[in-house]
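Asker: Just need the whole structure built from these sequences, with the hints factored in.
There are 2 protein chains.
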Amino acid sequence: MTAEALRPAARPVTLEDVARTAGVSRATVSRVVNGAPTVDPVLRRKVEEAVEATGYVPNQAARSLVTQRTDSIALVVSEQERRPVAAPLVGRMFTDPHFGRVVGGLLDVLRPAGVQMVLMLVDDDTSRRQFLSYLRQGHVDGTVLVSSHASDPLPRLLAETGLPAVLAGRPARTVPLPYVEVDQRAGARMAVDRLVSEGRRRIGTIAGPQDMPAAQERLEGFRDALAAHGITDAPWAEADFTRAGGAEATRRLLSEHPDLDGVFVASDLMAQGALQTLLRAGRRLPQDVAVVGFDDSEAAGACEPALTTVRQPVEEMAAEMARLLLGRIKRPEGSPLSMVFRPTLVERASA
Amino acid sequence: MTAEALRPAARPVTLEDVARTAGVSRATVSRVVNGAPTVDPVLRRKVEEAVEATGYVPNQAARSLVTQRTDSIALVVSEQERRPVAAPLVGRMFTDPHFGRVVGGLLDVLRPAGVQMVLMLVDDDTSRRQFLSYLRQGHVDGTVLVSSHASDPLPRLLAETGLPAVLAGRPARTVPLPYVEVDQRAGARMAVDRLVSEGRRRIGTIAGPQDMPAAQERLEGFRDALAAHGITDAPWAEADFTRAGGAEATRRLLSEHPDLDGVFVASDLMAQGALQTLLRAGRRLPQDVAVVGFDDSEAAGACEPALTTVRQPVEEMAAEMARLLLGRIKRPEGSPLSMVFRPTLVERASA
DNA sequence: GATCGCCGAGAGAGCGCTCTCTCGTGTTGG
DNA sequence: CCAACACGAGAGAGCGCTCTCTCGGCGATC
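Going down the list, the protein sequences come from chains A and B. Anchor point for the first sequence: position 130 equals 130 in UniProt numbering, and the numbering is continuous, going up by one each time. Anchor point for the second sequence: position 205 equals 205 in UniProt numbering, and the numbering is continuous, going up by one each time.
One thing to keep in mind: the hints can contain errors.
Incomplete in silico selection of chain B near chain A, CB under 10 Å [stated by the list, open to error]:
{"hint": "1", "residue": "P37"}
{"hint": "2", "residue": "T95"}
{"hint": "3", "residue": "Q130"}
{"hint": "4", "residue": "S133"}
{"hint": "5", "residue": "Y134"}
{"hint": "6", "residue": "G138"}
{"hint": "7", "residue": "G199"}
Now the in silico label distances, taken between C-beta atoms and shown as ranges [stated by the list, open to error]:
{"hint": "8", "chain 1": "B", "residue 1": "E49", "chain 2": "A", "residue 2": "R156", "range": "23 to 33 Å"}
{"hint": "9", "chain 1": "B", "residue 1": "S151", "chain 2": "A", "residue 2": "D224", "range": "53 to 63 Å"}
{"hint": "10", "chain 1": "A", "residue 1": "A281", "chain 2": "B", "residue 2": "T161", "range": "52 to 62 Å"}
{"hint": "11", "chain 1": "A", "residue 1": "R280", "chain 2": "B", "residue 2": "P176", "range": "51 to 61 Å"}
Residues from chain A that keep clear of chain B, each with C-beta distances beyond 12 Å, as calculated [stated by the list, open to error]:
{"hint": "12", "residue": "V24"}
{"hint": "13", "residue": "N34"}
{"hint": "14", "residue": "V42"}
{"hint": "15", "residue": "V118"}
{"hint": "16", "residue": "H149"}
{"hint": "17", "residue": "A150"}
{"hint": "18", "residue": "T174"}
{"hint": "19", "residue": "D183"}
{"hint": "20", "residue": "R201"}
{"hint": "21", "residue": "D211"}
{"hint": "22", "residue": "H229"}
{"hint": "23", "residue": "A234"}
{"hint": "24", "residue": "E256"}
{"hint": "25", "residue": "H257"}
{"hint": "26", "residue": "G327"}
Source of the hints: derived by calculation from the structure; they are not laboratory data. None of the values given here were measured: they were computed from a predicted structure. From the three backbone atoms N, C-alpha and C, an ideal C-beta is built for every residue, glycine too.
Answerer: This is the structure we're talking about:
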């Protein structure tokens with residue numbers, strides 16, 4: 001490696017430079033770089049050597065300008081507007097291990113495809129406007145949108161741009177965009193079936209925020225499953241998908257229904273809080289109260305007792321989102337095909 | 001909004017179009033869009049109306065091509081090479097809540113600056129090469145590198161590109177790049193001081209992987225602090241910064257030193273595992289064994305008992321990295337100025 | 001009243017690349 | 001042996017934008 005190669009201040013190497021050192025035209029170098037088949041092997045070799053010698057790297061901006069592609073997509077997290085006071089710096093979504101799994105699953109497909117991922121946060125009108133204009137600027141070829149609140153206008157606005165996009169989870173209102181999600185109702189049913197098969201009859205649930213479609217469906221699935229077992233009483237408390245929220249909601253639920261012998265908690269993180277509350281209330285687990293979580297996060301196995309939980313294949317779902325999106329980028333006219341994954345029950349000690 | 005505006009298939013609006021509808025030249029539109037001062041207010045108004053009417057959004061690729069800037073940076077996570085078998089799809093880094101806090105802190109500074117963040121994972125030669133060539137392509141203006149392993153060649157390679165970059169944490173080998181980190185030794189000292197002031201004398205530590213500089217320094221700080229208190233025996237066990245690893249290492253440590261009355265665990269996640277092991281071994285916490293963690297993650301407060309821990313201001317540190325990077329992008333010739341933050345002790349129930 | 005200077009706007013040259021079109025060469029068939 | 005053809009390579013026209021340079025018009029100066 002020459003000193004030249006180390007100095008980026010020097011004029012960057014262009015196609016022209018490579019062409020000159022290889023003794024061919026710009027067009028030929030372009031063909032070689034882009035793997036066109038119609039190049040004489042001898043010339044190809046010469047060009048490759050010239051590329052090597054000059055340290056040439058294509059300029060993405062110039063390429064995008066003519067191809068109208070950027071080979072990158074946006075991962076957009078749309079959160080509820082921050083409250084004016086005391087909110088953490090930036091949304092809590094990023095610290096949720098669930099989100100990390102989504103990122104991992106996406107990258108697993110995007111990286112081999114040579115597609116980069118831009119991470120964006122939308123949490124108010126300004127950032128929403130910025131994001132939409134960013135999209136229209138053609139800065140990314142498509143979008144994966146993580147939007148959890150039913151009232152979020154972003155899925156609709158995104159659909160209206162007509163640009164390729166995929167949603168993480170079914171939107172509250174029907175929108176002409178493909179989505180990927182787990183069968184929430186089936187998951188809740190599995191949890192209830194497990195609790196019932198363990199002989200539990202006084203079963204409650206800690207539900208997620210009822211302005212989130214996913215949380216709504218888990219609650220509805222819970223109720224339907226209980227009804228299917230002939231149980232009409234379905235006590236529940238709402239929490240915010242955090243550990244602390246789960247603990248607090250469990251306290252409320254327990255004070256109103258001290259005789260509970262089973263709980264379906266709509267996320268593992270909340271289940272951690274629920275277990276804590278139950279233990280502190282003197283319940284033995286699972287003898288007195290059996291608990292089933294949702295997600296099968298890494299923490300589930302580390303709970304005390306280890307958490308029986310409904311597994312959703314987050315990484316595979318994320319990978320599928322990436323594939324769906326790349327497909328739509330390639331053929332935008334195809335019909336928006338969604339995918340619903342089946343959850344499975346992971347049996348551990350808590351139920 | 002007209003039907004036209006909704007149809008992206010239609011030829012996108014360019015500067016030329018705006019210029020025509022406003023009855024001015026391209027140059028003037030460009031001046032208005034970029035806020036140049038030397039524009040007649042009347043014309044400016046006309047242009048703004050034309051921009052509004054046409055729905056014009058500047059093309060980033062074209063702009064980058066001439067300005068040589070992209071207004072985006074890369075957040076690069078460099079992990080140890082994956083093992084060939086049984087490794088999870090993509091590195092575990094993303095599911096670590098610590099990482100989420102870093103992302104949040106970065107975005108907090110980048111968003112107001114209008115700078116986008118591209119998330120990249122480097123975990124083998126191929127992806128490293130891809131990343132470096134991505135950089136040289138000028139696809140991003142700078143890099144924030146999260147690299148934790150001492151043997152990682154990436155910090156050096158990154159420095160050699162001469163492009164703006166900031167490191168999360170001090171690199172093992174000195175490299176001409178600014179870094180941001182917490183004073184690891186001081187943190188370990190705070191933990192030990194706390195344990196000693198609680199009357200503990202038989203103190204061990206669960207250290208992080210000793211191929212990570214941060215983990216090394218915490219261990220060294222631990223030893224130095226014990227020595228300062230006249231304690232020469234410093235038992236320790238190494239773990240991998242995971243919950244399960246922390247639990248396992250604690251088992252080992254405890255079997256060799258059953259009389260331990262205090263433990264400094266080099267991360268909260270590992271501390272969760274340590275608490276579990278200690279409880280299962282019949283120790284009362286904190287009466288029999290006091291425990292101090294490191295990080296002050298969200299989970300620390302949710303532990304049973306709540307974890308006394310060394311807080312590092314992750315979000316502020318990340319924000320500082322972003323500021324440092326933006327500064328270097330603006331003035332690359334400035335000297336690479338690093339920052340070391342002071343940790344604080346958060347007192348809870350475990351020690 | 002002529003000259004100078006200044007300010008604001010337009011003209012136009014690229015930025016580095018892709019891609020179509022054209023042309024020259026080698027190959028095949030009649 | 002020549003026409004028809006295939007194929008590989010070069011020429012050149014942009015992609016949409018910024019920015020320098022130039023120029024017209026105006027007020028100030030002598």
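Asker: Does each hint fit the structure? Answer for all of them.
Answerer: Hint check:
The restraint placing P37(B) at the interface with chain A is violated, with a minimum CB-CB distance near 23 Å, outside the 10 Å limit. The closest approach between the C-beta of T95(B) and any C-beta of chain A is roughly 3 Å, which is under the 10 Å cut-off, so the hint is satisfied. For Q130(B), the suggested interface contact is upheld, since its CB lies about 8 Å from the closest CB of chain A, less than 10 Å. About 5 Å separates the beta-carbon of S133(B) from the nearest beta-carbon of chain A, less than 10 Å, and the hint is met.
The beta carbon of Y134(B) is positioned within 10 Å of a beta carbon in chain A (closest approach about 7 Å), and the interface hint is therefore held. Hint status for G138(B) relative to chain A: holds, with the closest Cβ pair at about 6 Å, below 10 Å. Interface hint status for G199(B): violated, as the beta-carbon distance to the closest one in chain A is roughly 27 Å, over 10 Å. Checked against the hint of 23 to 33 Å, the pair E49(B) and R156(A) passes, with Cβ atoms roughly 27 Å apart.
For S151(B) and D224(A), the Cβ-Cβ distance of about 55 Å falls inside the hinted range of 53 to 63 Å, so the restraint holds. A hinted range of 52 to 62 Å holds for the C-beta pair A281(A) and T161(B), which are about 58 Å apart. Taking the beta carbon of each, R280(A) and P176(B) are about 53 Å apart, inside 51 to 61 Å as hinted. Every CB of chain B lies more than 12 Å from the CB of V24(A), the least distance being 22 Å, so the non-interface label holds.
Against the 12 Å criterion, N34(A) stays outside the reach of chain B, whose nearest CB is about 14 Å from its own CB. No Cβ of chain B comes within 12 Å of the Cβ of V42(A); the nearest lies about 26 Å off, and the non-interface call holds. Non-interface status of V118(A) relative to chain B is broken: a Cβ of that chain comes within 12 Å, the nearest being about 5 Å off. Non-interface status of H149(A) relative to chain B is upheld: no Cβ of that chain comes within 12 Å, the nearest being about 19 Å off.
Every CB of chain B lies more than 12 Å from the CB of A150(A), the least distance being 24 Å, so the non-interface label holds. Remark: the non-interface label on T174(A) is consistent with the geometry, its nearest Cβ contact in chain B lying 18 Å away (cut-off 12 Å). With 12 Å as the threshold on Cβ separation, the claim that D183(A) sits away from chain B holds: the shortest Cβ distance comes to roughly 22 Å. Against chain B, the non-interface label of R201(A) holds: every CB pair exceeds 12 Å, the least being about 29 Å.
Listed as a non-interface residue, D211(A) keeps its Cβ farther than 12 Å from every Cβ of chain B; the least gap is roughly 22 Å. Every C-beta of chain B lies more than 12 Å from that of H229(A), the closest at about 33 Å, which supports listing it as non-interface. Residue-level check passed: A234(A) sits 27 Å from the nearest beta carbon of chain B, beyond 12 Å. Interface exclusion of E256(A) from chain B stands, the closest Cβ pair being 24 Å apart, more than 12 Å.
Against chain B, the non-interface label of H257(A) holds: every CB pair exceeds 12 Å, the least being about 23 Å. No beta-carbon of chain B is positioned within 12 Å of the beta-carbon of G327(A); the least distance is around 18 Å.
Figure legend: structure checked against the earlier numbered hints; hints not met, in rising order: 1, 7 and 15.
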